[in-house]
Amino acid sequence: MTAFASDGGEAKYRLLYESMFEAFARVDMSGRIVESNEVFRSLVGYGADELSSLGYRDLTPERWRAMEAAIVEREVLPRGHSEVYEKEYRRKDGTIVPVELRTFLLRDDSGRAEGMWAIVRDIGERKRIEGERARQTELARRELESLAYSVSHDLKAPLRAVSGFSAVLLEEHAAGLDDEGRRLLGIVRENARRMEALISAILELSRVGRAELRPCRVDMRAMANSMYCEVASPEERARFSISIGEIPDAEGDPALLRIVWAKLLSNAIKYSSRSERREIRVDSASMEAGVRYRVSDSGVGFDPAYSEKLFNLFRRLHSAEEYDGTGAGLAIARRVVEMHGGSVGAESREGGGSIFWFSLPAPPSSAGKVEP
Amino acid sequence: MADKRQVDILLVEDNPNDAELAIRALRKHNLVNNFCHVTDGEAALDFMFARGEYSDRDVADRPRLILLDLKLPKVDGFEVLEALKADERTSMTPVVVLTTSQEERDLIESYRLGVNSYIVKPVDFDKFVAAVRDLCMYWLLLNVQP
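As you go down the protein sequences, you meet chains U and C in turn.
Note that my numbering has the first sequence beginning at 1202, numbered continuously upward.
Note that my numbering has the second sequence beginning at 44, numbered continuously upward.
Simulated from the structure, these hints should not be mistaken for laboratory data.
Hints are supplied without guarantee of correctness; some may be wrong.
Covered by chain U, per the in silico footprint, the following chain C stretches (three or more residues, Cβ under 8 Å) [said to hold, decoys possible]:
id, segment
1, 50-62
2, 134-147
3, 168-180
All values reported here derive from a predicted model rather than from experimental measurement.
Glycine residues also receive a C-beta, built at the ideal position from the N, C-alpha and C atoms.
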C-alpha cells in the first residue's frame, strides 16, 4: 500500500477500517485475504491467522462464485468498483450468512491492479424480517382467499332455497297468482341466478388465487387454438374467423394459462358477436422483459378512459342486458398472469375493436443459454 | 316418513330446505317409490346398521342408493362414508355425495374413502331437479349392482 506510506497515512487507514461498523477485507489479485478488520473476522468466524491462508472464494458458497466472478470481470476491473450486490459467506462453523457488499479495485503507483477491497454488511436480520413479512403477507392472503371461499359456499345454501322455492311456487301455485305475481316471482328467480353467477365467480377467483403454480414449458399457440375451440360454440366458429400467429412458447402453469386464454378469447367472441366483421387475431410482441401475447377483436371496443378499470372484479362497461356476464373473467385472468410475474392490459383499436394482452416474463432458459 | 324396511334411497341431509327440494325432485319423476330421510350422520349409520331407532330393521335390507351430504351434525359425511365402506354388510351400497363443496380436498377425501359419485348441488332449481333425476336414473335404472 505505497499510497499510504507517507505521513502516517497507513496508520490512519488501518484506524479507519478498524473503526468502521461494516466488515472490511482486502485481497490480492489471486483472491487471498491479506487484511481484514475485526467486524469481518467475527462475521465469518475465522481468526486473522486462519484468514491469511484463505481466499475470498473459499468463504463463498459455490452457487455465488460465478456471479461474483462476473461482477469482478464486468464492473470492478473496468470501472474500479462494483455496485452494491448481495451474496453469502460460509462461516467457519458451516453456517451461511447473507451479506451485501461493494468491491473496489486497488492499483499500485504504476496503475497496475494489485488487489481489491470490499466493504461488507451482514444482512441476516434484514433477510429474516423480509422473509417473515413475506410469510405474513402470504398467510393473510391465503386466509382471505379461504374466507372468500367458505363465505361463498355458505351463501349458496340460502340461495338454493330462494331459487328452489320460487320455482316450486311458480310450478305448483301458479293458478293462485295473477300475471303481476308471476312476473315478480320471475324477477326473484332471475336475481337468484345472477347471484349464483357472482358467487361462482368469487369462488373461481379464490380457487385460482390459492392454486400452487406448477410451471413447465407451454406451447402457447396450441393452447390458444384448443381454448378457442373450447370456448367458441360450433355456430360461433362458423361465423368467426380466427388467425393465430407464430407465438412463442411460455414458461407457466398450463392449467392456469388455459384460463387466461379462455377468458380473453371468450370476451373477444362475446363483444364481437354483434359486429359486421367477426375477426379474432392472436399474435405476440417481444418486449424487454418477456413476451406480450395479444388477442385482438373487431368488436364493440371500449372507451379508453376506462381501460384501467376493465380488470377489476365485477367491473363492467356494458350492461347485463347488452352482454351477459359477471365482470369477473378479466379479474381472474389478471390474477393468473400476476401470479406468473406478468401483467395485463387493454387497448382500444382504431376503427373499432379492442386488443387485450398479457405479458409473461421470458423463460429463464432462454437468457443466453448455449445448448451443447 | 316411510316404510323403514324396503327403501330405495336413504337421503342424509341436515338442511331442511335442501331436503325438501331434494324430495320434491325425487317425487317429480316418480323414480323413487320409497325413501328415508335422516338429518345427521349418526342416524344414517343407525339406519344402515339397524341400531337405535332403527333396531327393528334388518341390515340385509339395504337401500339401493345413499345420497349423502358432507357437512352434517354429530357424525359428518366423511365418517359415515368411511364406516359404510369399511363394513362388508354395507360396502356395496352405492354412495353419492351431494354437497355444496367444490373444495379439492373434499373431493379427494371422498374418493379416497370410496365414494361412488360426487355431485355438486346446483343452486338453480331446474338444474338441481335435473341432477337428481339423472343420478337416480343412472344408479337405480341404468347401473347394474351385485
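Each hint tested on the structure:
1. By the rule of at least three residues with a Cβ nearer than 8 Å to a Cβ of chain U, the coverage given for the segment 50-62 of chain C holds, with 3 such residues.
2. For the segment 134-147 of chain C, the stated coverage by chain U holds: 4 residues have a C-beta nearer than 8 Å to a C-beta of that chain, and at least 3 were required.
3. Given a C-beta distance limit of less than 8 Å, the hint that chain U covers the segment 168-180 of chain C holds, as 3 residues qualify and 3 suffice.
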